[in-house]
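K.L.:
As given, the protein sequences belong to chains A and B, one line each in that order.
Using the working numbering, the letters of the first sequence map in sequence onto residues 1 to 112.
Using the working numbering, the letters of the second sequence map in sequence onto residues 1 to 115.
By construction, these hints were calculated from the structure, which means they are not laboratory data.
Some hints here could point you the wrong way.
A short, non-exhaustive set of chain A residues, derived as facing chain B with CB atoms under 10 Å [as the list claims (entries may be wrong)]: (1) A2; (2) V4; (3) P8; (4) K11; (5) V12; (6) A31; (7) Y35; (8) Y48; (9) N52; (10) S62; (11) T70; (12) V89; (13) S99; (14) F103.
Within a straight-line C-alpha distance of at most 20 Å, the following computed EDC-like cross-link-like pairs (lysine to aspartate or glutamate) qualify [said to hold, decoys possible]: (15) K57(A) <-> E68(A); (16) K57(A) <-> E44(A); (17) K77(B) <-> D54(B); (18) K49(B) <-> D85(B); (19) K58(B) <-> E44(A); (20) K49(B) <-> E68(A).
Covered stretches of chain B, going by a simulated chain A footprint (3 or more residues, C-beta under 8 Å) [what the hints assert, rightly or not]: (21) 20-30; (22) 67-80.
For every residue, glycine included, the Cβ atom is placed at its ideal position computed from N, Cα and C.
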Amino acid sequence: GAGVSQSPSNKVTEKGKDVELRCDPISGHTALYWYRQSLGQGLEFLIYFQGNSAPDKSGLPSDRFSAERTGGSVSTLTIQRTQQEDSAVYLCASSPTSSEAFFGQGTRLTVV
Amino acid sequence: AQSVAQPEDQVNVAEGNPLTVKCTYSVSGNPYLFWYVQYPNRGLQFLLKYITGDNLVKGSYGFEAEFNKSQTSFHLKKPSALVSDSALYFCAVRPLTSGTYKYIFGTGTRLKVLA
């Protein structure tokens with residue numbers, strides 16, 4: 001596809017369940033980012049992948065959050081034992097190394 | 001700490017009037033600077049960027065931004081606002097510190113253009 005694709009677009013899960021969010025970046029983009037946007041809030045950095053380098057995990061809020069990027073392309077953000085405060089829109093973006101980031105439509109996660 | 005400030009939560013402007021959305025940053029060195037727009041239930045769309053060169057940068061939908069190094073500001077402007085410009089606007093910086101390429105976003109400014 002032409003843009004960054006995220007799935008699912010909406011996810012409702014019960015508290016305590018694990019969820020996986022998927023991101024398909026733009027082909028050829030070496031950098032991939034995950035951000036979280038809570039209702040009415042700005043964007044909170046979660047994690048960043050750049051090529052084969054070790055990811056920058058400095059924004060992950062707890063050890064319940066993890067992410068991987070397989071083959072330098074698709075990325076999965078996993079949240080274990082979800083809590084209500086995890087409810088937010090999770091945005092993925094990709095970019096060439098020295099240019100602007102292109103964002104997906106986001107996954108709206110609701111923990112009930 | 002590196003940060004981006006958007007001092008106005010909301011900006012109201014009449015259609016046809018000029019608009020300004022403010023952004024200042026606190027980042028060492030000469031970062032890349034960006035503006036994004038977000039429409040309801042959508043992801044962020046890129047508007048424009050400053051890398052180097054002319055301080056006045058032109059972008060999509062008639063928007064432009066002025067980089068001011070001494071004031072560390074990157075205000076978004078448009079000469080004549082449209083109702084369809086109503087959206088949430090984010091300023092972002094990407095520090096050029098070796099080893100990191102993450103974008104730091106402001107908290108966003110909601111622009112409301114009144115007919």
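K.L.:
Of all the hints numbered above, which does this structure not satisfy? Sort the numbers upward.
P.N.:
Hints 1, 3, 4, 5, 9, 10, 11, 19, 20, 21, 22 not satisfied by this model.
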